[in-house]
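Visitor: If you read the sequences in order, they're chains A and B. The numbers in this note's numbering rise by one with no breaks, and the one at position 228 of the first sequence is 228. Plus 244 on top of the position in the second sequence (first one is 1) and you've got this note's numbering.
Calculated from the structure, these hints are not laboratory results. Fair warning: this is a prediction, and the values are worked out from it, not measured in the lab. A virtual CB, placed ideally from N, CA and C, is assigned to each residue, including glycine. There's no promise every hint is true.
As a list, the in silico BS3-like pairs of lysine-lysine whose alpha-carbon atoms are at most 25 Å apart [claimed, not checked]:
no.: 1; chain 1: B; residue 1: Lys-422; chain 2: B; residue 2: Lys-360
no.: 2; chain 1: A; residue 1: Lys-161; chain 2: A; residue 2: Lys-103
no.: 3; chain 1: A; residue 1: Lys-57; chain 2: B; residue 2: Lys-433
no.: 4; chain 1: A; residue 1: Lys-161; chain 2: A; residue 2: Lys-114
no.: 5; chain 1: B; residue 1: Lys-422; chain 2: A; residue 2: Lys-103
no.: 6; chain 1: A; residue 1: Lys-161; chain 2: A; residue 2: Lys-116
no.: 7; chain 1: B; residue 1: Lys-433; chain 2: B; residue 2: Lys-422
no.: 8; chain 1: B; residue 1: Lys-422; chain 2: A; residue 2: Lys-161
no.: 9; chain 1: B; residue 1: Lys-485; chain 2: B; residue 2: Lys-422
no.: 10; chain 1: A; residue 1: Lys-57; chain 2: B; residue 2: Lys-422
no.: 11; chain 1: A; residue 1: Lys-134; chain 2: A; residue 2: Lys-116
no.: 12; chain 1: B; residue 1: Lys-433; chain 2: A; residue 2: Lys-161
no.: 13; chain 1: A; residue 1: Lys-116; chain 2: A; residue 2: Lys-192
no.: 14; chain 1: B; residue 1: Lys-422; chain 2: A; residue 2: Lys-114
no.: 15; chain 1: A; residue 1: Lys-134; chain 2: A; residue 2: Lys-192
no.: 16; chain 1: B; residue 1: Lys-485; chain 2: A; residue 2: Lys-103
no.: 17; chain 1: A; residue 1: Lys-103; chain 2: A; residue 2: Lys-116
no.: 18; chain 1: A; residue 1: Lys-114; chain 2: B; residue 2: Lys-433
no.: 19; chain 1: A; residue 1: Lys-103; chain 2: A; residue 2: Lys-134
no.: 20; chain 1: A; residue 1: Lys-10; chain 2: A; residue 2: Lys-57
Derived, one-sided and incomplete: chain B residues facing chain A with beta-carbon distance under 10 Å [what the hints assert, rightly or not]:
no.: 21; residue: Arg-413
no.: 22; residue: Ala-414
no.: 23; residue: Gln-420
no.: 24; residue: Glu-423
no.: 25; residue: Ala-424
no.: 26; residue: Cys-426
no.: 27; residue: Leu-427
no.: 28; residue: Gly-429
no.: 29; residue: Val-432
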Amino acid sequence: MSETPHLELKNVSLRYGEVRALEDVSIRVGRGQVVALIGANGAGKSSVLRAVTGLRKVAAGEVRIDGNQTNSLQHQQPAHALVAQGVAMVPEGRHIFPYMSIKDNLLMGAYSRKDKAGIASDLERVCERFPLLKQRFQQQGSSLSGGEQQMVAIGRALMAKPRLLLLDEPSLGIAPQIIRIIARSLIEINTKEGITIVLVEQNSRMALALSSYAYVLETGHVALEGPSSELMTNEHVKRLYLGA
Amino acid sequence: MLQVLINGALLGAVYALIALGLTMVFSIMRVVNFAHGQMYMLGGFVVYYLYGQYGLPFYLALPAAGIVLGLIGVAFNRFFFQPVLATSTREENSMLMAVGTALLLENLALTLFGEKQRGVPEVVEGIFIWGDVAEGGVVLTYSNMLVMGVAVLAIVALLGFVQYTRPGRALRAVAQDKEAACLQGVDVKTTTTLGFAIGAALAGIAGGLLVTIYGVNAGVGSNISTKAFIMVMIGGAGVTKGAILGGLLLGFAEAIGYDIFPGSVTYLIIFVAMIIFLLFKPNGMFGKPWG
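In isolation and in its complexed conformation, chain B is listed as follows (with noise of 0.2 Å):
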């Protein structure tokens, strides 16, 4: 049971990684990016390319992975989203915008890359071996221990970035009242830009770090945004701690469910389990905003 459980820590923390920037994303623009999933499998592939093809250190094509999504962020905010939000006065408009870019880039990996699994060398070789695997001992690779480290370390730079920087200061201002952040001086296009390219480097990074586990294909995306709007809804959408619990909570219930369900039946209970869950809290957990 605990190799289990340090499965789906290991999970939940990427898993919370990727819902950080999905609910960052709505909290400051109220858009739900359903291209978050294909920002997450980009990630991949860029540390893919940068790592596995080219030899790249992993410290070095990881952070690439980040910046690279990050501009692709920018661009998507700059080109595709604000015209929309500027001149749209139905929330349906940037939806469907969100779907589009969900697609092109979907169908731009998949001739970019075409459909293979793709997957990289071990970044760290070894394992740790706790106790009797056979009596309920632990077995963690090395390369395991890092990705989780390396996500909640991500995390954590990432709440000290908003609670205690002066751009993460206008982050939570933006997302409380645009209006009244704007009367204290701060720019919103500029900080709105800014989460959108936070929103979709989390996803990157998440996305390079998962590659290391399960490898990458182009069609990876819209399974990652499914699971990154269960993550949202449970935790309440848009809030900073409902997101990382949410990411925890489907960490260890995949875990859980994958050791004791065969594949398919774990997430038709989740599924279930979160339908229920939101006829009885459709805020989720902390429905307010990000704060």
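The following block holds chain A by itself, in its conformation from the complex (with noise of 0.2 Å):
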């Protein structure tokens, strides 16, 4: 890990009124790693996205982005700022734009970009990674199916051209064959265009076969963290997330 991580978060604690959805939680992300966010539903692992983003202001604790603060009690950078600095986040549920075309659901992606000539080719780079989608670009975003708005969600947020890429539950409710393919171009990002990758998710399997470290949250809290190779052998994961 680098001197300065690409994020970091320190003592983050954050609640919903009176619900305490994070409590003294640490993580910290080095430039170019797969990060995993194990957990049961509930643990806090899609409040640590919200912190990360500036969805949502910290109790307690601050985030630093390429040791930027961003989110403290003192400070909070607006979340649509952030895109333009290269954060862009894949949230859970996919959250397209319904009535829009395929093609107008990834533009809006590059919604903070100025240089054209460099959106028409990442769009073409983005078609050529879901061919699917070329297909569908006139189709509206409601009429695809789960796995292809997780396509087109992924796609959108590439088009950010983001250098920290968040993503939740990207597997969740998909079918198999999709999870594979959108797995594969996880792979292929981090590693060809060294983009770092924050991947929250309940498939703990995965996400450990896809990271190099992970952090286990449980109630709130960083319970467990290490290097991923070590977490797919700990007991403790093994009993609660990897089904053992």
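Taking the hints as your guide, dock the two standalone chains into a single complex.
Guide: Given below as structure tokens:
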């Protein structure tokens, strides 16, 4: 891990009203790394991403991206402004725009960009990565299946030209063959394009297989952390999250 | 009959403009803007004073009505609606705020302008006559032709803006999914303000157009709001083509009704028809959000 992490959460707490979603959570993600956050429903995995993107203000601690404070009690950078700084998120449930065409959905990902030529070539690259999308360019988002919508959501995030990609439950409700396509894409995105990835997944086996380092969250705390290969053999992880 | 249809098209074009403004605010903010009719009324007064009283050319007075109402929309959104929407957990609160702003504008107008009905001189003098009027020909003032043309132009411009410009894409994105829009880099707060401003400006322009035909008074707002709600309910709340269709349908229904029935019966029939329609199509003709 490099000296200044790409993403760092220091002692972050986050609340929804009276509910404590995160308590004193510290996470470090190095540049170019794939880091997984695993845990049960309600463990706080998605809340970590909400703290990172600034969708939710932290109650304590701080979030730093490239060493710059982006979310703390004193300072909260607006969520929309982070996109221009190279942070893109694929939200849980895809959240593609249902009444926009696939092409418009993908172009919305490049909303913060001004380089027309770059946008056009990135659109081509996304279509090469997910050829199915090109065939459905003019179809409305709502007409696609869950797996196809997930491809649009990932493609849309890539259109932002991110350096840090956050994915919230990308395999949720998706057919196994589509999950394989998405998993292969994530590996390529990381290895060929050097994009740092934070992967939130309930599918712990997939998450640990894709990542090099992982955090296990339980009731808003980091219960375990370590190299993914080691966590794969950890008895606690095996029993609770890998069904062994 | 041709005359009646042309009257319907004229009314329908301006009504569609009114409905588009209301439906835009609804789709962007999920707020039913009860003050939309009062914004129309203020647009009428802006044109009345600038064009009718101070002699400014109509082509300057009309955009001024749009700009003034747009700015009022920005202020309403910033100081009234955004604080309520940010803290409220119930939809009724923003509705009550909207009713409050409607009453505020109406009473302000009554205090400032009084109850008197005001009118303006014809914008363009002259009448277009086609055929023998007694035998089904058509009479149309050039002023009315101008009103219809400007209304259609404004609708086309709005649709083009929403479909093909960057802020237009942001408006569509916010209307469909605020959080997803934010994650693409859209400043939701600014875009919402823009949407409210455009909605208010459309009401102002419609008021500025129709003051040349019907005049304006401080109490006209509630009546216009009611009509706007009818149009939006027919088409489906938050739907562009629904608002246009609702506007045209109401325009034609009003023109045809007034030609056949005594005045008050027309709206009685329209309300009954609307209730029956909503019983079968509660989401209107196109029940989906702005897009």
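Visitor: The hint names B/Gly-429 as touching chain A; please verify it with the least Cβ-Cβ distance against 10 Å.
Guide: At 4 Å from the nearest chain A Cβ, B/Gly-429 passes the 10 Å test, so the hint holds.
Visitor: For the pair supplied as a hint, A/Lys-116 and A/Lys-192, confirm whether the alpha-carbon distance does not exceed 25 Å.
Guide: holds, 23 Å
Visitor: Can you confirm whether the C-alpha distance between B/Lys-485 and B/Lys-422 stays at or below 25 Å?
Guide: Judged against 25 Å, a Cα distance of about 21 Å means the pair holds.
Visitor: Given the hint that A/Lys-134 pairs with A/Lys-116, test it: the Cα-Cα distance must not exceed 25 Å.
Guide: holds, 19 Å
Visitor: Regarding the pair B/Lys-422 and A/Lys-114, is the alpha-carbon distance no greater than 25 Å?
Guide: holds, 22 Å
Visitor: Keeping to a limit of 25 Å between CA atoms, is the pair of A/Lys-103 and A/Lys-134 held or broken?
Guide: With a Cα-Cα distance of about 8 Å, the restraint between A/Lys-103 and A/Lys-134 holds, given a limit of 25 Å.
Visitor: Given the proposed pairing of A/Lys-57 with B/Lys-433, does the C-alpha separation stay at or below 25 Å?
Guide: Distance ~16 Å between A/Lys-57 and B/Lys-433 Cα, so the pair holds.
Visitor: Classify the hint on B/Cys-426 as holds or violated, based on whether any CB of chain A lies nearer than 10 Å to its CB.
Guide: holds, 5 Å
Visitor: A/Lys-161 and A/Lys-103: Cα distance at most 25 Å?
Guide: holds, 16 Å
Visitor: With the threshold set at 25 Å, check whether the alpha-carbon distance from A/Lys-134 to A/Lys-192 stays at or below it.
Guide: Measuring from Cα to Cα gives roughly 22 Å; hence the hint holds.
Visitor: Is the Cα-Cα distance between B/Lys-433 and B/Lys-422 25 Å or less?
Guide: holds, 10 Å
Visitor: Does A/Lys-103 lie within 25 Å of B/Lys-485 when you go C-alpha to C-alpha?
Guide: Given that 25 Å is the threshold and the Cα spacing comes to 21 Å, the pair holds.
Hint 1 alone, counting from the list given before, is not met by this structure.
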